[in-house]
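Residue numbers (the numbering used here), protein chains in the order written: chain A, 5 to 197; chain B, 77 to 395.
Treat the hints as calculated values from the structure; they're not laboratory data. Treat the hints loosely; a few may be bogus.
[To be verified] Simulated pairs of lysine to any residue, SDA-like, Cα-Cα distance not exceeding 20 angstroms: (1) B:K366 x A:F102; (2) A:K42 x A:V182; (3) A:K156 x B:K366; (4) B:K205 x B:G263; (5) B:K366 x A:M59; (6) A:K156 x B:T351; (7) A:K90 x B:K330; (8) B:K335 x A:N195; (9) A:K90 x B:R359; (10) A:K144 x B:Y325; (11) A:K115 x A:L51; (12) B:K374 x A:Y72; (13) B:K330 x A:D67; (14) A:K156 x B:A122; (15) A:K165 x A:N155; (16) A:K165 x B:G230; (17) A:K165 x B:K366; (18) A:K156 x A:D180; (19) B:K330 x A:Q117; (20) B:K366 x A:S128; (21) B:K330 x A:S69; (22) B:K207 x B:G286; (23) A:K156 x B:S332; (24) A:K90 x B:I356; (25) B:K147 x A:V82; (26) A:K126 x B:E231; (27) B:K366 x A:V82; (28) B:K205 x B:R195; (29) B:K330 x A:I159; (30) A:K156 x B:S172; (31) A:K90 x B:P146; (32) B:K366 x A:K42; (33) B:K250 x B:L268.
[Stated by the list, open to error] From the derived model, a few chain A residues whose C-beta atoms are all more than 12 angstroms from chain B: (34) S34; (35) Y38; (36) Q50; (37) Y56; (38) V74; (39) L78; (40) V82.
In this text the structure is predicted, and so the values were computed from the model without any measurement. Even glycine gets a Cβ: it sits at the ideal position worked out from N, Cα and C.
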Amino acid sequence: MVLGGRRAFAGLILLIVLLASCTAAKKRKSEKYYVEHKQTITEVRQLFDKLYQHMPFSAGFSDRSLKYFVLEILSDSVRFIYNGEKNQPQLEEAVDRFGFDTTQLRTLATKLQQINCIWISKRSFYVNQQRETVTFLSFKSIANPNLFSENKYYILLFPPKQIISRHFRERIRRGDLVKIEDQVWFTIGSNFR
Amino acid sequence: MCYFAVPMQLTRYLAFCLLLCGLSPWLARGQDAPPVIADAQFDRLALKARLRALELLRRTDTVSPSPLWPKINPALFFANIRHNIERPDRINQGTSTNFCGYAAMTHLLVKYHPDIYLRQIVTLYRTGKTKLRRKRMKPSHRVMEAAGTLENKGELDILHADQLWFLSLADTFKGYLNWLAPTYHPGSENRLWAATNYGKFNRMLREFTGDEMTAAGSDFISPWVKNFNDYINGQLREGVVILYVNSKYLYEHKFSIFKLRAPTHFIVAYEMLRTDEGLIRFRYWDYGMKTEQLITPKRLRRLIFGVTTITETREDARF
């Protein structure tokens with residue numbers, strides 16, 4: 005009996021390893037992904053910019069099935085984080101309290117789901133003391149074959165203009181940052197937020 | 077996100093550190109009953125100290141550059157110091173750096189002892205060294221050359237005083253996480269060179285302020301506490317509370333199969349309230365602002381590895 009149990013356990017492990025190797029063989033997203041979903045991605049960006057003008061925020065999902073919406077609202081001094089999985093009533097209350105257009109926000113969430121985008125946000129940095137802000141969209145990339153290493157995410161970057169900084173040039177040279185078209189770049193990162 | 081302990085690197089070091097340290101750093105110092113000091117008292121001290129520091133800054137030469145720090149722009153440097161003293165909540169570790177421990181320590185130092193901060197940072201800028209309670213801060217030539225050049229770190233790009241300060245702290249205070257990366261190289265701010273373990277963080281706080289504090293927890297095992305919500309609330313009544321947490325549970329998601337159960341981030345706790353729905357409304361400071369989110373008690377338990385409480389701060393702290 006014990007031997008049979010061990011064999012079953014070994015079989016299970018083998019099955020997991022096989023499944024993991026199949027997942028690893030999947031192709032990583034590349035510039036083609038943007039081209040295929042360009043229309044929806046553009047709509048998402050426009051909608052996000054419109055909502056962002058009302059109040060700075062970031063949005064996305066916290067689970068693989070993209071079921072639970074996460075909203076990070078930035079007020080002047082406090083960042084409020086709501087996760088639809090555990091705080092759905094509070095999330096709805098916050099959307100109402102901060103005066104977001106619920107229809108537009110719902111449309112944004114639906115479109116993010118359509119293109120499997122897990123996070124959308126903006127990030128700022130400085131070039132020659134001038135503030136530059138980049139919109140970015142993160143997507144789940146392939147599952148990492150190594151269980152103990154970080155996940156990798158496919159990230160699309162949309163700088164508002166041509167950015168020339170030493171840091172950018174170095175990343176382009178190293179191949180970390182790949183140009184897709186004018187003001188559209190992609191990178192693979194271990195952090196999606 | 078503060079990734080001082082990039083999981084793969086940390087996994088390697090974990091075995092090494094366990095071997096060296098055993099499980100002994102699971103400390104719980106300060107058994108004596110600490111004096112109960114309400115937060116309002118701390119804030120009163122903070123306001124007086126801030127006014128003193130601003131007056132001191134008014135009398136300081138804020139124009140001439142320092143040849144020791146060639147890349148530091150004096151205008152940006154002193155504007156940054158003034159901003160820090162006026163808005164200590166805005167101190168930001170920058171994007172993708174491992175400066176979270178230094179940022180949390182600086183946030184508290186500037187909030188409660190802005191005059192100490194001002195004196196130390198100006199001395200460091202003018203002379204390239206400064207004396208602390210027991211240690212000397214004398215950053216290396218590499219660090220002096222690098223301060224003012226950090227790029228793509230968000231707000232930190234133009235915060236020259238914070239660049240100088242965080243790099244100097246990382247170069248001066250060393251813990252076991254820094255043993256394999258003792259020297260600064262460009263990009264070290266994102267790597268183990270800048271990492272802060274729990275013991276090092278507490279040492280830094282003591283070294284700068286001399287405040288009375290208690291600490292529970294370690295780099296590997298959470299404090300032995302039945303109810304974290306009650307415990308932290310109790311600590312918040314006693315003073316200012318800093319938490320050493322696993323950021324994977326602070327910004328939770330289910331995209332990873334494996335989550336390393338190790339602390340990676342320092343935050344300052346400000347409020348913890350239980351809601352009617354059984355959740356915990358948690359307000360804390362990190363990344364230059366306060367954050368509020370609702371978390372479950374289970375997540376809170378997985379989150380916390382260290383709880384440091386400053387129970388008494390001295391208005392006349394001098395060294």
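Comparing the hints with the structure gives:
Distance hint between K366 (chain B) and F102 (chain A) is fulfilled; the C-alpha atoms sit about 17 angstroms from each other, no more than 20 angstroms. Using a Cα cut-off of 20 angstroms, the hinted pair K42 (chain A) and V182 (chain A) holds, with the two alpha carbons roughly 16 angstroms apart. Taking the CA atoms of K156 (chain A) and K366 (chain B), the gap is about 28 angstroms. The hint is violated against a cut of 20 angstroms. The suggested pairing of K205 (chain B) with G263 (chain B) is violated, with an alpha-carbon distance near 23 angstroms, which exceeds 20 angstroms.
For the hint linking K366 (chain B) to M59 (chain A), the alpha-carbon distance of about 17 angstroms falls within 20 angstroms, and the restraint holds. In summary, the hint linking K156 (chain A) to T351 (chain B) is not supported, as the alpha carbons are separated by about 36 angstroms, beyond the 20 angstroms threshold. Distance hint between K90 (chain A) and K330 (chain B) is fulfilled; the C-alpha atoms sit about 13 angstroms from each other, no more than 20 angstroms. Our distance criterion of 20 angstroms between C-alpha atoms is met by K335 (chain B) and N195 (chain A), whose separation comes to about 14 angstroms.
Under the criterion of a C-alpha separation no larger than 20 angstroms, the hint pairing K90 (chain A) with R359 (chain B) is consistent with the structure, at around 17 angstroms. This hinted pair checks out: K144 (chain A) and Y325 (chain B) have alpha carbons roughly 19 angstroms apart, not beyond 20 angstroms. Distance hint between K115 (chain A) and L51 (chain A) is fulfilled; the C-alpha atoms sit about 10 angstroms from each other, no more than 20 angstroms. Straight-line distance between C-alpha atoms of K374 (chain B) and Y72 (chain A) comes to about 19 angstroms, which keeps the hinted pair within the 20 angstroms bound.
Our distance criterion of 20 angstroms between C-alpha atoms is met by K330 (chain B) and D67 (chain A), whose separation comes to about 5 angstroms. Restraint check for K156 (chain A) and A122 (chain B): the C-alpha separation of about 43 angstroms exceeds 20 angstroms, so the hint is violated. A distance of roughly 30 angstroms separates the Cα atoms of K165 (chain A) and N155 (chain A); the hinted pair therefore is violated under the 20 angstroms criterion. This hinted pair checks out: K165 (chain A) and G230 (chain B) have alpha carbons roughly 17 angstroms apart, not beyond 20 angstroms.
For the proposed pair K165 (chain A) and K366 (chain B), the alpha carbon gap of about 31 angstroms is over 20 angstroms, so the pair is violated. Note on K156 (chain A) and D180 (chain A): the hinted pairing holds, with a Cα-Cα distance of about 13 angstroms set against a maximum of 20 angstroms. Using a Cα cut-off of 20 angstroms, the hinted pair K330 (chain B) and Q117 (chain A) holds, with the two alpha carbons roughly 16 angstroms apart. For the suggested pair K366 (chain B) and S128 (chain A), the alpha carbons sit about 19 angstroms apart, so the restraint of at most 20 angstroms is met.
Under the criterion of a C-alpha separation no larger than 20 angstroms, the hint pairing K330 (chain B) with S69 (chain A) is consistent with the structure, at around 10 angstroms. At most 20 angstroms may separate the alpha-carbon atoms for a hinted pair to count; K207 (chain B) and G286 (chain B) meet this at roughly 14 angstroms. The straight-line distance between the Cα atoms of K156 (chain A) and S332 (chain B) is roughly 10 angstroms, inside the 20 angstroms bound, and the hint therefore holds. Of the pairs offered as hints, the one joining K90 (chain A) and I356 (chain B) holds, with about 11 angstroms between alpha carbons and a cut-off of 20 angstroms not exceeded.
Of the pairs offered as hints, the one joining K147 (chain B) and V82 (chain A) is violated, with about 33 angstroms between alpha carbons and a cut-off of 20 angstroms exceeded. A threshold of 20 angstroms between alpha carbons decides the hint, and for K126 (chain A) with E231 (chain B) the separation of about 13 angstroms falls inside it, so the pair holds. The straight-line distance between the Cα atoms of K366 (chain B) and V82 (chain A) is roughly 5 angstroms, inside the 20 angstroms bound, and the hint therefore holds. Distance restraint check for K205 (chain B) and R195 (chain B): the Cα-Cα separation of roughly 12 angstroms lies within the 20 angstroms cut-off, and the hinted pair is therefore satisfied.
The hinted pair formed by K330 (chain B) and I159 (chain A) meets the criterion: a straight-line CA distance of about 18 angstroms does not exceed 20 angstroms. Between K156 (chain A) and S172 (chain B) the CA atoms are separated by roughly 15 angstroms; this keeps the pair inside 20 angstroms, and the hint holds. Distance restraint check for K90 (chain A) and P146 (chain B): the Cα-Cα separation of roughly 51 angstroms exceeds the 20 angstroms cut-off, and the hinted pair is therefore not satisfied. Straight-line distance between C-alpha atoms of K366 (chain B) and K42 (chain A) comes to about 36 angstroms, which puts the hinted pair past the 20 angstroms bound.
For the given pair, K250 (chain B) sits about 11 angstroms from L268 (chain B) by alpha-carbon distance, which is consistent with the 20 angstroms threshold. No beta-carbon of chain B is positioned within 12 angstroms of the beta-carbon of S34 (chain A); the least distance is around 20 angstroms. Residue placement check: Y38 (chain A) keeps its beta carbon more than 12 angstroms from all beta carbons of chain B (closest about 20 angstroms). With a least CB separation of 25 angstroms from chain B, Q50 (chain A) remains clear of the 12 angstroms interface cut-off, as annotated.
No Cβ of chain B approaches the Cβ of Y56 (chain A) within 12 angstroms, the least distance being about 17 angstroms, so the stated non-interface status holds. Remark: the non-interface label on V74 (chain A) conflicts with the geometry, its nearest Cβ contact in chain B lying 8 angstroms away (cut-off 12 angstroms). Listed as a non-interface residue, L78 (chain A) fails to keep its Cβ farther than 12 angstroms from every Cβ of chain B; the least gap is roughly 8 angstroms. A Cβ of chain B approaches the Cβ of V82 (chain A) within 12 angstroms, the least distance being about 5 angstroms, so the stated non-interface status is violated.
Comparing the model with each earlier hint shows violations of hints 3, 4, 6, 14, 15, 17, 25, 31, 32, 38, 39 and 40; every other hint is respected.
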